[in-house]
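**Q** Here the structure of chain B is known, so what remains is to put chain R in place on it, guided by the hints.
Those protein sequences? They're chains B and R, same order as listed.
At position 89 of the first sequence the residue is numbered 89 (our numbering), and the sequence of numbers has no breaks.
At position 30 of the second sequence the residue is numbered 30 (our numbering), and the sequence of numbers has no breaks.
The hints are simulated quantities; they were obtained by calculation from the structure and are not laboratory data.
These figures come from a predicted structure and were not determined experimentally.
Some hints could be false.
What follows is a list of derived Cβ distance ranges for each label pair [what the hints assert, rightly or not]:
| no. | chain 1 | residue 1 | chain 2 | residue 2 | range |
| --- | --- | --- | --- | --- | --- |
| 1 | B | Ser-51 | R | Val-3 | 19 to 27 Å |
| 2 | R | Gln-60 | B | Lys-71 | 17 to 25 Å |
| 3 | R | Ser-54 | B | Lys-71 | 18 to 26 Å |
| 4 | B | Gln-2 | R | Leu-68 | 22 to 30 Å |
| 5 | R | Ser-54 | B | Tyr-95 | 34 to 42 Å |
| 6 | R | Gly-53 | B | Glu-15 | 49 to 57 Å |
No more than 27 Å apart at the CA atoms, straight line, and that leaves these computed lysine-lysine pairs for DSSO-like [stated by the list, open to error]:
| no. | chain 1 | residue 1 | chain 2 | residue 2 |
| --- | --- | --- | --- | --- |
| 7 | B | Lys-112 | R | Lys-41 |
| 8 | R | Lys-41 | R | Lys-66 |
| 9 | R | Lys-41 | B | Lys-71 |
| 10 | R | Lys-14 | B | Lys-100 |
| 11 | B | Lys-100 | R | Lys-64 |
| 12 | B | Lys-37 | R | Lys-55 |
| 13 | B | Lys-68 | B | Lys-54 |
| 14 | R | Lys-20 | B | Lys-100 |
| 15 | R | Lys-14 | B | Lys-37 |
| 16 | B | Lys-5 | B | Lys-112 |
| 17 | B | Lys-5 | R | Lys-41 |
Where a beta carbon is used, it is the ideal one built from N, C-alpha and C, also for glycine.
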Amino acid sequence: DQQVKQNSPSLSVQEGRISILNCDYTNSMFDYFLWYKKYPAEGPTFLISISSIKDKNEDGRFTVFLNKSAKHLSLHIVPSQPGDSAVYFCAARPYNQGGKLIFGQGTELSVKP
Amino acid sequence: GAVVSQHPSRVICKSGTSVKIECRSLDFQATTMFWYRQFPKQSLMLMATSNEGSKATYEQGVEKDKFLINHASLTLSTLTVTSAHPEDSSFYICSAGQGAGNTIYFGEGSWLTVV
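The shape of chain R in the complex, shown without the other chains:
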């Protein structure tokens, strides 16, 4: 079964609104989670590292005020796309590492369509 779960799997929102995507680690605690985005037929690009209890670390070129990340507990990180525009339409995926070997599991992904 899934060890990392995302919700919602699909969301459509109007341009200018905000949308929140949740990422949960199931049955394990994750002090760090990672958010990626993937455009159709392209690679997964790391957006940011979500750190429990502290600020997220954003990759170069990712607007922190646009993509708000909150990691309030050891099992939940949220990504909020603020003032969404059609160009934000993409597949957003989160991941978390488990165990000493740091096996990395990915969520199911969330399709965001901004109309």
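Isolated chain B, as found in the complex:
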């Protein structure tokens, strides 16, 4: 039972354009949502998070949007850079469970020069 889903396994974007990575969840009992960037054989690197009581959080080129009614969140990267090419994981933190995270399957982003 996949509680956090990233339905697009891959995404290809031209440099300078916007990258939009999507994530859906099925459980309402999450208090935080996080996005991580990951390279093969390395640990995930934290990018940005959003509290379940917010609908938007922005940090530089990264913006995360949360639509609770649709149980959907997205990560926008603008402008996209070739160095952004990596696998992006969406993760959700259950209420009152500290650092425990439930991960989506990941989306591989390729930004072409």
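**A** Frame of chain B, contents of chain R only:
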């Protein structure tokens, strides 16, 4: 710099032997750490929650006797894969939360290959 460190980054062991992976929080104390595994091109799956000074909490389907977790200090958790088999070959990653905001940091990961 890294705030959570894992060791070793890569290990190859023979089938039937045991291998230990360490996870350390650097410059902060972590009463709870988390162990994940990732198979190639798949998601990170939570295996267990490591609790300092008490027993680990395992996720459904994870064999506690096979994956021994010890959290003996506030900065170190260890995962021991006992009697390893080729199907245990995977990427193992730990994480720890820091601060009131509970920012979660991950280690670099450890590649285990069982031959």
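**Q** Now look at each hint and say whether the structure bears it out.
**A** How the hints compare with the structure:
1. Against the hinted window of 19 to 27 Å, the Cβ-Cβ separation of Ser-51 of chain B and Val-3 of chain R comes to about 22 Å, which satisfies the hint.
2. For the pair Gln-60 of chain R and Lys-71 of chain B, the beta carbons lie near 23 Å from each other, so the given range of 17 to 25 Å is met.
3. Hint check: Ser-54 of chain R to Lys-71 of chain B, Cβ distance near 34 Å, so the stated range 18 to 26 Å is violated.
4. Look at Gln-2 of chain B against Leu-68 of chain R: about 28 Å separates their beta carbons, and that is inside 22 to 30 Å.
5. The beta-carbon spacing between Ser-54 of chain R and Tyr-95 of chain B, approximately 21 Å, falls outside the hinted interval of 34 to 42 Å.
6. Taking 49 to 57 Å as the suggested C-beta distance range, the pair Gly-53 of chain R and Glu-15 of chain B conforms, at roughly 50 Å.
7. Restraint check for Lys-112 of chain B and Lys-41 of chain R: the C-alpha separation of about 21 Å stays at or below 27 Å, so the hint holds.
8. Between Lys-41 of chain R and Lys-66 of chain R, the direct Cα distance comes to roughly 24 Å. Compliance with the 27 Å bound is thereby established for this hinted pair.
9. For the proposed pair Lys-41 of chain R and Lys-71 of chain B, the alpha carbon gap of about 25 Å is at most 27 Å, so the pair holds.
10. Proximity of Lys-14 of chain R to Lys-100 of chain B is assessed by CA-CA distance (about 31 Å); at most 27 Å being required, the pair is judged violated.
11. For the hint linking Lys-100 of chain B to Lys-64 of chain R, the alpha-carbon distance of about 18 Å falls within 27 Å, and the restraint holds.
12. About 31 Å separates the Cα atoms of Lys-37 of chain B and Lys-55 of chain R, which puts this hinted pair outside 27 Å; it is violated.
13. Simply put, Lys-68 of chain B and Lys-54 of chain B have alpha-carbon atoms about 9 Å apart, close enough for the 27 Å limit, and the pair holds.
14. Distance check on the hinted pair: Lys-20 of chain R and Lys-100 of chain B sit about 22 Å apart at the alpha-carbon level, within 27 Å; holds.
15. The straight-line distance between the Cα atoms of Lys-14 of chain R and Lys-37 of chain B is roughly 32 Å, outside the 27 Å bound, and the hint therefore fails.
16. Annotation: proposed proximity of Lys-5 of chain B to Lys-112 of chain B holds, straight-line Cα distance about 25 Å (limit 27 Å).
17. Proximity of Lys-5 of chain B to Lys-41 of chain R is assessed by CA-CA distance (about 14 Å); at most 27 Å being required, the pair is judged to hold.
Hints 3, 5, 10, 12 and 15 from the earlier list are contradicted by this structure; the remaining hints agree with it.
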